[in-house]
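Asker: Now for the letters of each chain:
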Amino acid sequence: AQSVTQLDSQVPVFEEAPVELRCNYSSSVSVYLFWYVQYPNQGLQLLLKYLSGSTLVKGINGFEAEFNKSQTSFHLRKPSVHISDTAEYFCAVTSRRDDKIIFGKGTRLHILP
Amino acid sequence: EAQVTQNPRYLITVTGKKLTVTCSQNMNHEYMSWYRQDPGLGLRQIYYSMNVEVTDKGDVPEGYKVSRKEKRNFPLILESPSPNQTSLYFCASSLLGPHGELFFGEGSRLTVL
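Protein sequences appear in the order of chains F and A. Following this note's numbering from start to finish, the first sequence increments by one per residue and tops out at 113. Following this note's numbering from start to finish, the second sequence increments by one per residue and tops out at 113.
Derived by calculation from the structure, the hints in this document are not laboratory data. Don't take every hint at face value.
[Unchecked claim] Cut-off 25 Å, straight-line C-alpha distance, at most; resulting in silico cross-link-like pairs (SDA-like, lysine to any residue): (1) A:Lys71 with F:Asp98; (2) F:Lys58 with F:Ser30; (3) F:Lys105 with A:Gly100.
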């Protein structure tokens, strides 16, 4: 069975500072990994995904994530955050043989002025 | 405009009164799914559908039913709602199943008294 763990439920960071949101997964097969963002009072939207190929994945709004198979991680990073990045971020995992997708519990990103 | 539309957006009901939350997408996606979002628990998949007349249980299907008679519609049915089904519900669709980008509706906030 697959699972995903987001290690931080909340992350406060000052505006223009870098941020890393951590995600670890567990799976016995090759995985597909995603980061989704949920802005206040909205549905989720895709930030980026890893299916295969380059382990460094670039997404929208300046975010990127690195797939690390040995550490079973898919951490999300941004070099300089903006107040508009205030949102909840969800890591998710599935696999080629799977019709289900498993979401993490989410990390709330608080941008401090 | 490509979108996933859920109705109602907000609903307060009482225990045992059957209700249906509708979901419709205009992108000709084959894959559709329902999730509930609860504080501290993230998103959990309720049911999903790979195509018309094909539905399957997600991780938390108890107390819910779905049907997929047409490609564009995927209603969520609560035959006898209970207070523990008070939650924020999201419908999503995808062209490529869970491996592709999920497009989410804006959510339906349900309160069961």
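Asker: Confirm or reject each hint.
Answerer: Here's how the hints hold up against the structure:
Restraint check for Lys71 (chain A) and Asp98 (chain F): satisfied, since their Cα atoms lie roughly 21 Å apart, inside the 25 Å limit. Among the hinted pairs, Lys58 (chain F) with Ser30 (chain F) is consistent with the structure: their alpha-carbon atoms are about 20 Å apart, no more than 25 Å. Of the pairs offered as hints, the one joining Lys105 (chain F) and Gly100 (chain A) holds, with about 20 Å between alpha carbons and a cut-off of 25 Å not exceeded.
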